[in-house]
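When you get a sec, could you build the whole thing from the sequences and use the hints?
These protein sequences, in sequence, are chains G and R. Counting from 1 along the first sequence, just add 492 to a position and that's the residue number in our numbering. Counting from 1 along the second sequence, just add 15 to a position and that's the residue number in our numbering.
Check each hint, because a few of them may be wrong.
Claimed, not checked - Result set (SDA-like, lysine to any residue): computed pairs, CA atoms no more than 25 angstroms apart in a straight line:
1. Lys108(R) - Met789(G)
2. Lys144(R) - Ala701(G)
3. Lys526(G) - Arg142(R)
4. Lys668(G) - Lys739(G)
5. Lys165(R) - Asn796(G)
6. Lys144(R) - Ile610(G)
Honestly, the hints are just simulated from the structure, not real lab data.
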Amino acid sequence: MPTEILYGVEVALNGLMAGVLYALVALGFVLIFKASGIFNYSQGVMALFAALTLVGIMEGQVPFAHLINAIFGTKIHHFGWEVPALLAIALTTIVMVVFAWLVQRFIFRHLVGQEPIILFMATIGLAYFLEGVGDLMWGSDIKTLDVGLPQGASFWIEENTAFLGGEDFYGFFIDKLDVVAAVVAAVLVAGLVIFSQYTKQGRAMRAVADDHQAALSVGISLSFIWVLVWSLAGFVALVAGIMWGAKSGVQFSLSLIALKALPVLMLGGFTSIPGAIVGGLIIGVGEKLFEFLIGPMVGGATENWFAYVLALIFLVFRPQGLFGEKIIERV
Amino acid sequence: MFYREAGDFKTSYRDDSQTFPISFDRWRYYAVLIVAFGVIPFLINDYWANALLVPFLIYAIAAIGLNILTGYCGQVSLGTGGFMAVGAYACYKLMTAFPDVSILIHVLLAGGVTALVGVLFGLPSLRIKGFYLAVATLAAQFFLVWLFNKVPWFYNYSASGQISAPERTFLGHAVTGPATTASAKYLFCLAILVVLAWLARNLTRGTIGRKWMAIRDMDIAAEIIGVNPLTAKLSAFAVSSFFVGVSGALFFAVYLGAVEVGEAFGIQKSFLVLFMIIIGGLGSIFGSFAGAAFLVLLPVVLKVIGVDLLGWPTDIVAHIQLVIIGALIVMFLILEPHGLAQLWRVAKEKLRLWPFPY
Numbered sequence: 493m494p495t496e497i498l499y500g501v502e503v504a505l506n507g508l509m510a511g512v513l514y515a516l517v518a519l520g521f522v523l524i525f526k527a528s529g530i531f532n533y534s535q536g537v538m539a540l541f542a543a544l545t546l547v548g549i550m551e552g553q554v555p556f557a558h559l560i561n562a563i564f565g566t567k568i569h570h571f572g573w574e575v576p577a578l579l580a581i582a583l584t585t586i587v588m589v590v591f592a593w594l595v596q597r598f599i600f601r602h603l604v605g606q607e608p609i610i611l612f613m614a615t616i617g618l619a620y621f622l623e624g625v626g627d628l629m630w631g632s633d634i635k636t637l638d639v640g641l642p643q644g645a646s647f648w649i650e651e652n653t654a655f656l657g658g659e660d661f662y663g664f665f666i667d668k669l670d671v672v673a674a675v676v677a678a679v680l681v682a683g684l685v686i687f688s689q690y691t692k693q694g695r696a697m698r699a700v701a702d703d704h705q706a707a708l709s710v711g712i713s714l715s716f717i718w719v720l721v722w723s724l725a726g727f728v729a730l731v732a733g734i735m736w737g738a739k740s741g742v743q744f745s746l747s748l749i750a751l752k753a754l755p756v757l758m759l760g761g762f763t764s765i766p767g768a769i770v771g772g773l774i775i776g777v778g779e780k781l782f783e784f785l786i787g788p789m790v791g792g793a794t795e796n797w798f799a800y801v802l803a804l805i806f807l808v809f810r811p812q813g814l815f816g817e818k819i820i821e822r823v
Numbered sequence: 016m017f018y019r020e021a022g023d024f025k026t027s028y029r030d031d032s033q034t035f036p037i038s039f040d041r042w043r044y045y046a047v048l049i050v051a052f053g054v055i056p057f058l059i060n061d062y063w064a065n066a067l068l069v070p071f072l073i074y075a076i077a078a079i080g081l082n083i084l085t086g087y088c089g090q091v092s093l094g095t096g097g098f099m100a101v102g103a104y105a106c107y108k109l110m111t112a113f114p115d116v117s118i119l120i121h122v123l124l125a126g127g128v129t130a131l132v133g134v135l136f137g138l139p140s141l142r143i144k145g146f147y148l149a150v151a152t153l154a155a156q157f158f159l160v161w162l163f164n165k166v167p168w169f170y171n172y173s174a175s176g177q178i179s180a181p182e183r184t185f186l187g188h189a190v191t192g193p194a195t196t197a198s199a200k201y202l203f204c205l206a207i208l209v210v211l212a213w214l215a216r217n218l219t220r221g222t223i224g225r226k227w228m229a230i231r232d233m234d235i236a237a238e239i240i241g242v243n244p245l246t247a248k249l250s251a252f253a254v255s256s257f258f259v260g261v262s263g264a265l266f267f268a269v270y271l272g273a274v275e276v277g278e279a280f281g282i283q284k285s286f287l288v289l290f291m292i293i294i295g296g297l298g299s300i301f302g303s304f305a306g307a308a309f310l311v312l313l314p315v316v317l318k319v320i321g322v323d324l325l326g327w328p329t330d331i332v333a334h335i336q337l338v339i340i341g342a343l344i345v346m347f348l349i350l351e352p353h354g355l356a357q358l359w360r361v362a363k364e365k366l367r368l369w370p371f372p373y
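Below you can see the structure in the form of C-alpha cells.
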C-alpha cells in the first residue's frame with residue numbers, strides 16, 4: 493500500500509481512539525438528559541473536578557489549603573500520606589455521589605418543571621461554581637495524574653504493522669493509553685446497558701426517562717433516581733477525567749472536553765447511548781482526517797470548529813440527530 | 016411619597032404608552048442623562064474610565080443585543096464573543112482601508128457587517144430550537160475566532176497576529192489610539208449606547224418586538240396567528256448582531272486599542288454577556304444595564320476587598336469570583352428568573368404604595 497494511504501489510516505485510527513474519549517464524555521450527558529431532561533453543560537467541569545479530587549486524595553493534599561493559608565496565615569499543604577490509586581478512586585466516587593446529592597437537593601429540586609433552556613443555563617452556572625470550588629480546593633496548577641495506566645506508543649502494534657508499507661513506513665503509531673481508554677469505554681458502556689436493562693434501579697431509571705409522571709404514579713422516587721443518575725454521570729466523568737488527565741495532565745483545559753462532546757451529542761441525538769458512541773467515533777475520525785487532508789491548506793487547527801460545523805450542517809437536515817427520537821411538536 | 020401617578024393625567028394614547036408613565040421616573044431619567052453627559056465627563060479619570068465606566072457602557076450594548084435575541088425572541092446564543100470579534104475586525108479593516116471616513120460610520124458599518132454574519136448563522140434557527148440552537152451558535156463562536164486567527168488578511172498580515180487601532184478623531188477629539196482622553200472614550204461610547212438603547216426600547220415595544228415575543232412564548236402558536244417565523248427570527252438575529260457588532264467594535268477600538276482574538280473574544284466572553292442578561296433580567300432593556308453594571312462591578316469590588324483589603328493572592332480571589340458568579344446565576348434562576356429588573360420593578364411597586372399600605 494502507498495505510504496500516504498497508510499498515514500491516512502493511522503490518522504483515522506488515532507481519530508477513532510480520540511472519538512472513544514469524546515463518546516465517554518458524551519455518555520455522561522446522555523445519561524442525565526434521558527432521565528431528567530437536563531442538558532448538563534457542567535459535565536466537562538465535573539470531569540475536571542473528579543480528576544482534581546483524585547489527584548488531591550492520592551497525594552494527600554489538604555482541601556482548601558490555599559484559602560486556609562490566606563485567611564489564617566498558616567502554611568499547610570499536605571497531610572503527608574499517599575493513598576493508593578484504587579482506594580483514591582473509590583473515595584472520589586463517594587465525593588461524586590455526595591456532589592450528585594447536593595446538586596439534586598439544592599439546585600434541580602427547585603427547578604423542576606422549568607423550561608429546558610433555563611435548566612441548561614443553570615448548569616452553566618453550576619459549571620462556573622464547580623470550577624471555582626475545584627480550584628479553591630486543590631489549587632489551579634497543572635497536576636500529573638498517574639494511576640498506573642500504561643502510556644507511550646505501543647511498540648507491539650508498531651512492529652506488527654510495519655510490513656504493510658514499504659521501506660519508509662514504520663508501522664502504526666498508537667498510544668497505549670488510547671487503547672486502554674477504548675477498552676474501558678467499551679466496558680463502561682456494556683456495564684451501563686446491563687445496568688439499565690436488567691436491574692431494578694435501571695428499569696426505574698428508564699421509566700423516569702420515558703415519562704416522569706407515569707413513573708411517579710407507579711411509586712418510583714424521582715429524586716432518588718435523579719441522584720442516582722447524577723452519581724452515574726459523576727462516575728463517568730471520573731473515568732473520563734482519569735483518561736484525559738493521564739493523557740494531558742489535570743488542568744483547566746480538561747473542562748473544555750465538554751465543548752468537544754456537544755457536537756457529538758448533536759450528531760448522535762441527545763437521548764441515545766449508541767448515538768453518543770457512534771457520534772463520538774464519527775467526530776473523532778472526521779476531525780482528524782479533515783485536519784490531515786484539508787487542514788494544511790487552510791492553516792491548520794481546524795479541530796476547534798470542524799466538529800461543530802459538521803454537526804450544524806447535519807442538524808439542518810436531521811434535527812433529531814442520527815439516533816434521536818423523532819421530534820413531534822404540538823401547540 | 017412623591018412616587019405617584021396621581022394627578023399625572025394622560026390625555027392621549029401617546030402619553031399613556033410612554034416608557035416612563037410616572038413623572039418622577041421621567042425626571043429621574045432626565046437627571047441620569049444630565050449627570051451622565053454633563054457631570055461625569057468632567058470628573059472622570061483613567062482609572063474610572065478603564066476599570067468601570069467604559070467597559071460598562073460597551074457591555075451594556077452587547078447585553079442589550081443579546082437580550083433582544085435571547086430575552087425577547089427566545090433564541091439562546093452562545094456566539095456573542097464570535098460576533099463581537101466580527102464587529103472588531105470589520106471595524107479594524109474599515110479603519111485601515113478608509114482612514115478619512117469618520118470612526119462613527121466605521122463602527123456602525125461594523126455593526127452592519129456583523130448583522131449579515133448573524134443572519135447567516137441564524138439560518139439554522141429555522142430548523143432547530145432550544146439548546147440545539149445554543150450549541151449550534153457555538154459553531155459560530157469557534158469558527159469565527161479560528162477564522163480571524165488563521166487568515167492573515169483580517170489582521171493586515173501583522174507579525175504578532177494582533178490588531179491595534181490607529182488614532183482616529185471624532186469632532187476634533189481623538190477617540191481611538193493611545194492619545195485618547197478618558198472623557199472622550201466615555202462620551203463616545205455613552206452617546207452610541209444612549210441612541211442604541213433608545214432604538215432597542217422602541218423596537219421591542221413595536222410590531223416587531225411583539226412578533227419576537229410571540230415567537231419566544233410559543234413559536235408554533237405564533238406561526239398560526241400569522242407571525243412569519245423566518246422574518247421574525249432572522250430580524251432578531253440581525254438586530255441583535257448589529258448591537259453586538261457595535262459593542263465589539265467599540266471594545267476593540269475604543270476600550271482595548273489592541274486585541275488578540277482568542278483572548279478578547281473567546282467563549283468566556285459569550286458566557287459573560289449571557290450571565291449579564293440572566294442576572295439583569297431576560298427580556299428587559301433596563302435589565303441589560305443592570306446586569307452589565309453588576310458583572311463589571313463585581314470583579315472590581317472583589318479585587319478591592321480581597322486583594323487590597325485582606326491581602327489575599329489574586330488567584331484565590333479569581334477563583335472565589337468564579338464561585339460567586341456561578342452561585343449567583345443558579346440563585347437568580349431559582350429565586351428570581353426575571354433578574355435584577357424584576358427586583359427593581361417590585362421595589363417600584365412597593366414605592367408607589369409607600370408609606371401607606373393600601
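So, going through the hints one by one against the coordinates:
This hinted pair checks out: Lys108(R) and Met789(G) have alpha carbons roughly 24 angstroms apart, not beyond 25 angstroms. Taken as a hint, the Lys144(R) and Ala701(G) pair is honoured in the structure, with Cα atoms around 21 angstroms apart against an allowance of 25 angstroms. Restraint check for Lys526(G) and Arg142(R): the C-alpha separation of about 22 angstroms stays at or below 25 angstroms, so the hint holds. Under the criterion of a C-alpha separation no larger than 25 angstroms, the hint pairing Lys668(G) with Lys739(G) is consistent with the structure, at around 10 angstroms.
For the hint linking Lys165(R) to Asn796(G), the alpha-carbon distance of about 12 angstroms falls within 25 angstroms, and the restraint holds. Distance restraint check for Lys144(R) and Ile610(G): the Cα-Cα separation of roughly 14 angstroms lies within the 25 angstroms cut-off, and the hinted pair is therefore satisfied.
Going down the numbered hints, you'll see the structure goes against none, and every one checks out.
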